[in-house]
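K.L.:
Below are the chains, spelled out letter by letter.
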Amino acid sequence: MTSLIKTDYLIIGNSVGGIGAAEAIRENDGAGYITIVSDESYHAYSRPLISDYLAHPGPVEKMLYRRPDFYEKNGISTLLGEKVIKINPEGHTVMLSGGQNITWRRLLLATGGTPIVPATPGADLKGVFTFNKLDDARAIDEFLKGRLETTAVVIGGGLIGVSVTEALVKRGVRVTVVELKDRVLNTILDEESSARETQALTLSGVSLITGHSVSRISSGLRGQVSGVAIDDGRMLGCDLVVFAVGVRPRLELAKDAGIKTNRGITVDRFMMTSAPGIYACGDAAEAYDFVLGEDRPTPVWPNAYEGGRVAGLNMAGVPTEYKGGTALNALKYFGVNIVSAGMVASPDASAETLSFKRNGIYRKVVIKHGKLVGLIFAGDIAKSGIVYNLMKDRIDVTDFKEALVADNFGLASLPEAIWQERLPRSTAGSVIASGASEEPEEALIGD
Amino acid sequence: MKQVYLKESACIACRLCEVYCRLQSSSSGDLVKAFKKESPRVLPKVRVDNHGALSLSVRCRHCEDASCVRACLTGALSRDPLTGLVTVDEERCIGCGTCVLICPLGVPQLDTARKKMIKCDLCQGKEIPACVANCPNEALVYAETDSVQPEEAVIK
Chain A
1 MTSLIKTDYL
11 IIGNSVGGIG
21 AAEAIRENDG
31 AGYITIVSDE
41 SYHAYSRPLI
51 SDYLAHPGPV
61 EKMLYRRPDF
71 YEKNGISTLL
81 GEKVIKINPE
91 GHTVMLSGGQ
101 NITWRRLLLA
111 TGGTPIVPAT
121 PGADLKGVFT
131 FNKLDDARAI
141 DEFLKGRLET
151 TAVVIGGGLI
161 GVSVTEALVK
171 RGVRVTVVEL
181 KDRVLNTILD
191 EESSARETQA
201 LTLSGVSLIT
211 GHSVSRISSG
221 LRGQVSGVAI
231 DDGRMLGCDL
241 VVFAVGVRPR
251 LELAKDAGIK
261 TNRGITVDRF
271 MMTSAPGIYA
281 CGDAAEAYDF
291 VLGEDRPTPV
301 WPNAYEGGRV
311 AGLNMAGVPT
321 EYKGGTALNA
331 LKYFGVNIVS
341 AGMVASPDAS
351 AETLSFKRNG
361 IYRKVVIKHG
371 KLVGLIFAGD
381 IAKSGIVYNL
391 MKDRIDVTDF
401 KEALVADNFG
411 LASLPEAIWQ
421 ERLPRSTAGS
431 VIASGASEEP
441 EEALIGD
Chain B
1 MKQVYLKESA
11 CIACRLCEVY
21 CRLQSSSSGD
31 LVKAFKKESP
41 RVLPKVRVDN
51 HGALSLSVRC
61 RHCEDASCVR
71 ACLTGALSRD
81 PLTGLVTVDE
91 ERCIGCGTCV
101 LICPLGVPQL
111 DTARKKMIKC
121 DLCQGKEIPA
131 CVANCPNEAL
141 VYAETDSVQP
151 EEAVIK
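Keeping their order, the protein sequence lines are chains A and B.
By the count of my numbering, the first sequence reaches residue 447 at its end, each step adding exactly one.
By the count of my numbering, the second sequence reaches residue 156 at its end, each step adding exactly one.
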């Protein structure tokens, strides 16, 4: 019989969701055994930094999401570079690829996502990559070493596509982005803000082909990439291809275990799956979106942390409801700062769009039935958090919606009840200020 | 922990809090140089929002349950469990702006020249933050958070 590990809390996945859960568990249970298993062999690193890594390869230590002593300090055991191959929900065990079994009291599936590679002839050639994890960045870095005048085709102009493009450009690679839709970053930006990204890409020497897809990757010598064929018959010569068309939740483990899945692993508002004691979060899960009022995958870093944290609290016996997340992104590609959240375009005729555009600054809010459902700030992202939180708190903004896109927008533009609640209790200030002893000088300030 | 409280009835949008915050962060320690010459430009970590007669001097409130810390992509933001201070480790900050989008007060600020986020640290090393010390109208009060609670508990 193979060895058996016993743990109270088992977390599959060592990225943001898993760390969020581990931190929440440890805050509430100082003694319980926490074990993290991951098929990646690194300490938790900041996944968004893989683009910076590819641009300027350096030590992994510089990308760590938590301090190197995080696991030790928090008494967390890790099994890194190990793969879970089977979950037994009833028996409260999992099996690792090495045959080892682990028993757990509470289990978290923070298994993340895996890049989508559409069936394309030539997708298995040398020089074809995806861009989702550190090892992908390392593989591309290896490929680039010693090469001169490299040309790349990036398939997909979404977040991953633009982020790998930026890194490749910094490495001196000539890049063509092929995007199926009519513009880059089309799911998270509207036309105006997407045009700003397009301009930045173009100025950096990137070629863009929109409205088309790659139908075939062609090969020259020894199974190496030599170019791609576009669906209209055009041929583009290139040395490497990066598939960046999206990520799908990793569901296999959950499915095999009979845990309910839809587009992602189905979870309730406590981040628990259909199997008692088993939780899920992050890119793998399909959690509550407060804008849509329904569950859907929103595979972004901050939501993964929140979901992981809520899962961890519940696992540790602190009943906590997930308030929900929504699509949210902060971009800085090619020096262009843009933030967006929720729906970036009117979902239907009942929605209303208000915007502000001056001196390179662009702000837009989308409102439906009096409540914010989307926002974009470009050029100057300051104070965007005020609007995001109005959206998150589902506040009716009908009476002050114009203020949201006014020139001098700020907290003071909001109804008093809202800014009062957000500031440190200002009445407390006057209580404390009794040391200053004088009466408030209303007359001096008032008129 | 201590925090800066605002008596909004006494805040008159003079923006001296911004001016002295900027001076505090400047390398020259000279008002005029800090404002006109220093490069990269010194930015204030406090902001005055003004609408009609209402004026609010706003800075980080070092939330106990800080959404910026949870949302940070790189782990650059953290809250010291002992002091309660929310700080940014500039080495690890990539200036992405996620914290700007997530903060209910909208107080993290991007220093686009340096590609870093900047925020209030309550003037560590000084007895009283520069904004409070230089508020001409005593609109800003620096006091223990804990000292508020007993009062509230009594009043209820």
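Check the hints yourself; a few may be wrong.
[As the list claims (entries may be wrong)] Where chain B lies over chain A, by a calculated footprint (3+ residues, C-beta under 8 Å):
hint: 1; segment: 40-52
hint: 2; segment: 98-106
hint: 3; segment: 118-129
hint: 4; segment: 279-291
hint: 5; segment: 372-383
hint: 6; segment: 418-425
What the hints contain is simulated information worked out from the structure, not anything from laboratory work.
In this text, all values refer to a predicted model and were calculated from it rather than measured experimentally.
The C-beta atom is built at its ideal place from N, Cα and C for all residues, glycine as well.
K.L.:
Each of the hints needs a verdict: does it hold here or not?
P.N.:
Status of the hints after comparison with the structure:
| no. | hint | verdict |
| --- | --- | --- |
| 1 | 40-52 | holds (count 4) |
| 2 | 98-106 | violated (count 0) |
| 3 | 118-129 | violated (count 0) |
| 4 | 279-291 | violated (count 0) |
| 5 | 372-383 | holds (count 4) |
| 6 | 418-425 | holds (count 5) |
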